[in-house]
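One letter stands for each residue in the lines below.
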Amino acid sequence: MDTEKLSQNIKTRFDHQQARIVLRETYQAKMLFAHNGGMWRASPELILLCKACEGTVVLEDHYNTPISIDSAELLELAMQRWQEQMNAWQSEYNEISKNR
Amino acid sequence: MARTNERMAIRIQRNIQKQMTIGALLFAFDSEIKYTKIAIECARRIKHYLDIPVTLVTDIKVDTDIFDQQVIIKKPNDTNKRYWHDRDDTTKWYNFGRNSAIDHSPYDKTLLVDIDYMLNSSNLLPLLKSSQPFLCHRHVQRIESTKNEIQTFGEKNTQMWWATVVIFDRSEFSQDVFSIWKMVEQNYQHYANLFGFETKQFRNDFALSISLLLANGNTIPDQCDIPWPLFNVDPTLTVSNINDTWWIEYQVHNETKFLPKKICVKNCDLHILGKTYLEKLYGL
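In the order they appear, the protein sequences are chains P and C. Numbered according to this note's numbering, the first sequence spans residues 1 to 100. Numbered according to this note's numbering, the second sequence spans residues 1001 to 1284.
The set of hints was computed from the structure by calculation and includes no laboratory data. Remember, predicted model here, so these are calculated numbers, not experimental data.
With a straight-line cut-off of 20 Å between C-alpha atoms, the simulated EDC-like cross-links for lysine to aspartate or glutamate are:
(1) C:Lys1257 / P:Glu4
(2) P:Lys98 / C:Asp1244
(3) P:Lys5 / C:Glu1249
(4) C:Lys1266 / P:Glu95
(5) C:Lys1147 / P:Glu25
(6) C:Lys1129 / P:Asp70
(7) P:Lys11 / C:Glu1255
(8) C:Lys1262 / P:Glu95
(9) P:Lys51 / P:Glu76
(10) C:Lys1129 / P:Glu60
(11) P:Lys11 / C:Glu1249
(12) C:Lys1262 / P:Glu92
(13) C:Lys1262 / P:Glu25
(14) P:Lys98 / C:Glu1249
(15) C:Lys1266 / P:Glu92
According to the in silico footprint, chain C covers these stretches of chain P (three or more CB under 8 Å from chain C):
(16) 9 to 20
(17) 31 to 44
(18) 58 to 64
(19) 92 to 99
If you anchor each label on the Cβ, the simulated ranges turn out as follows:
(20) P:Ala52 / C:Asp1051: 33 to 41 Å
(21) C:Asp1051 / P:Met79: 22 to 30 Å
(22) C:Glu1255 / P:Arg24: 20 to 28 Å
(23) C:Asp1068 / P:Ile10: 45 to 53 Å
(24) P:Ile10 / C:Glu1172: 54 to 62 Å
(25) C:Thr1219 / P:Met79: 32 to 40 Å
(26) P:Asn87 / C:Asp1059: 40 to 48 Å
(27) C:Val1252 / P:Ser91: 22 to 30 Å
(28) C:Thr1256 / P:Val57: 58 to 66 Å
(29) P:Glu45 / C:Glu1172: 28 to 36 Å
(30) C:Gln1251 / P:Tyr93: 20 to 28 Å
Yeah, the Cβ is synthetic: ideal placement off N, Cα and C, and Gly gets one too.
Construct the complete structure from the given sequences, taking the supplied hints into account.
The structure is reproduced here in structure tokens:
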């Protein structure tokens, strides 16, 4: 490697702000899951809504389609997906924070 | 007992037949760029992250067992010439006939991807399991940009959907979209006049956008959006891949000078527009 290229490599800083933006978008996509023919985004809003409902209810999915679901079943899936992805997000966030 | 088992076997067989088949479809025609070689890497990633079968549409059979099926068709007669910044040259680019994907696909639900779309996650899997008939990206984000956007084309600033990743089933809506896509390709000059765009290059993105609008009754089809942006990596950026982590270098303008910056990306699918990088990365 020539000196100029080496010097350029040293000068190239890790863009933490941009990496975090891309990471957030990545994990927003990972929050999506399909259930009962609908598309759902695991989020505190969906979890609270499922908790407020009992038995079979009709909820609006990501594509504004009314879908009949078992609230307990959807709650379990949403909770599981949300926790898994939040943990993975935090782990990757900590990893990129170490980059220089 | 034997009869019960037989009935059970018939029932299982019927259930299997009822199950929807899901798979990916790639188009690749070699020119100065060995597109079929890049398609092999693209297929490997699809299998690794999505675990679905992959069919290749090409003109000469490729000697590999990565593809579950190869559909051999005549190379499209028409070509585009495209200048690639990373090659500093123009190369031939066969992008006609993409609208025949629905005819070539052996699957009920198909993931149609450009071979320069590098999967790094299983994010597309829920979309393949959803009941949405047709999905593609409308929001796009350059990897070095802080915001995603909807690009427009033509004098009428028509919103653009990207043909890079398309998920479709065999519904009437999907059939309509592909029929109109074909019609737009065959009458490209006419639609260029209507929407006010240039015809130097045939753009599947334009043809798909027009067909979605028409198939949806001249209204914006919000139900067709993939719910996250397409991450584009411009050919002007420097890309390298180390242990399946993508390192991307770019320059940020800061008042008086350009500052060299880099980020690393993993678990995120990328549309790598610089074919030379892909060729180098995979030793082609």
